Every structure is written in structure tokens, then in C-alpha cells.
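Asker: Put together the whole structure using the sequences plus the hints.
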Amino acid sequence: MKNTIKNIAILALLLVGSTKAMAQDIPNDSYEQKFKLGIGASVGYPFDDPYDLNVGGDVRLQYDLSKQYSLTATTGFNNLFIKDAHDLGYIPAKLGFKAFVLKDKFYLMGEAGAAFAVTNKFNDKSLLLSPSIGYATKYIDISVRYEYLPDFPTLDNNNNLDKGLGQVSLRLAYGFQL
17 MKNTIKNIAI
27 LALLLVGSTK
37 AMAQDIPNDS
47 YEQKFKLGIG
57 ASVGYPFDDP
67 YDLNVGGDVR
77 LQYDLSKQYS
87 LTATTGFNNL
97 FIKDAHDLGY
107 IPAKLGFKAF
117 VLKDKFYLMG
127 EAGAAFAVTN
137 KFNDKSLLLS
147 PSIGYATKYI
157 DISVRYEYLP
167 DFPTLDNNNN
177 LDKGLGQVSL
187 RLAYGFQL
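The numbering used here applies: residue 17 is where the sequence shown begins, and numbers increase by one.
These are calculated hints, taken from the structure and not from any lab test. Note that the structure is predicted; figures quoted are calculated from it, not measured. Among the hints, erroneous ones may be present.
[To be verified] With a straight-line Cα cutoff of 25 Å, these simulated DSS-like cross-link-like pairs (lysine-lysine) come out:
#1 K50 with K179
#2 K179 with K121
#3 K50 with K141
#4 K119 with K52
#5 K50 with K83
#6 K52 with K83
#7 K119 with K154
#8 K141 with K83
#9 K154 with K83
#10 K179 with K52
#11 K99 with K179
Answerer: Next comes the structure, spelled out in C-alpha cells:
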């Protein structure tokens, strides 16, 4: 019996002594959460009359939760050009969620917030919904987004006042880590 216990103890010591410690070989998969700032310019095509073109600039603060997921806060200024009338300028204020889906470069993003008209003729505010798809590198961000502003004034087919503006925009931005 003593020989059996002695043999088991020697076998256990040999196994422990010859086994390589694996804890040092596991890579560190932790991700450093960080803030990024992006400064962008966009040009858009409004689908509704009387608007002809949308040109704007924005600033986006992004907080990376992981390599794939981020929270965003975006504001700026957009100008909707109107033929033969006063333009509609507005300030968007949006919060969003960005998810990288392919090789940490292509992403899908959804933003929601409000748009505040700041021109003299219009004193409207509206809900603002904005899904987008994009491509981002370390410094460059290119995206296409759809925006829907359900409370902004538009014209129907008979030139009667209506509400609900939809538009598609192309955004080019320069971003950097804070």
C-alpha cells in the first residue's frame, strides 16, 4: 500500500514538473476602450419638394466599447437648399450605436435624435432617424446614410403643405483617437 501511494506521488510530481504552464501562452484579448473624434462633411439628396440639395458638416464623438461595437454622439449643421425661397438650416443632435460587421472596416450604424431648424423662416423641430452603412480606417470614414425627419415641412404632388422629409447623404470624415 505504501509503495502504491509512493508511486502515485512520484507520478504526480513528474506530471506537474513536466507540464508546461499554459497561462503565459494565452494572448491578451482585452480591448482598451477609448474615445475617437470625427470631423465630417456631407452632401445629400432630399427626396421631397421643395428641397434641392443638402450640404452639411458634423462632429462625431465615438466611444469604443470593443473592437466591434461603439456608441456615438453626433451634431453639426445642415443646410437644405430650396429653389426660389429661403433655405432651411438645421442642427442635428443624434445618439447612436455602431457595429463593425466585416474585418473591422465595414460597419452598420443607427442613430436617433432631433433636428432643430435655425433659419428665420422656419421654427420647426423634428425627430431624426438615421441608419447608415460605412467603411472606416484608422483616420478616414466614408458612409452613406438615410435620414428621415417626419416633422419638417414638405410639399405634396399638388404643392400643398405636407410633412415628412426623407433624404440620402454621403459623408466623408477624418477621425482620430483622443
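Asker: For every hint, state whether the structure bears it out.
Answerer: Results for each hint:
1. The straight-line distance between the Cα atoms of K50 and K179 is roughly 40 Å, outside the 25 Å bound, and the hint therefore fails.
2. The suggested pairing of K179 with K121 is violated, with an alpha-carbon distance near 36 Å, which exceeds 25 Å.
3. Distance restraint check for K50 and K141: the Cα-Cα separation of roughly 32 Å exceeds the 25 Å cut-off, and the hinted pair is therefore not satisfied.
4. Between K119 and K52 the alpha-carbon distance is near 19 Å, which keeps this suggested pair within the 25 Å criterion.
5. For the proposed pair K50 and K83, the alpha carbon gap of about 10 Å is at most 25 Å, so the pair holds.
6. Pair hint K52 plus K83 holds up; C-alpha atoms about 13 Å apart against a cutoff of 25 Å.
7. Of the supplied pair hints, the one linking K119 and K154 holds, its CA atoms being roughly 13 Å apart against a limit of 25 Å.
8. Under the criterion of a C-alpha separation no larger than 25 Å, the hint pairing K141 with K83 is inconsistent with the structure, at around 35 Å.
9. About 12 Å separates the Cα atoms of K154 and K83, which keeps this hinted pair within 25 Å; it holds.
10. The hinted pair formed by K179 and K52 fails the criterion: a straight-line CA distance of about 35 Å is larger than 25 Å.
11. For a cut-off of 25 Å, the pair hint linking K99 to K179 stands: about 18 Å separates their Cα positions.
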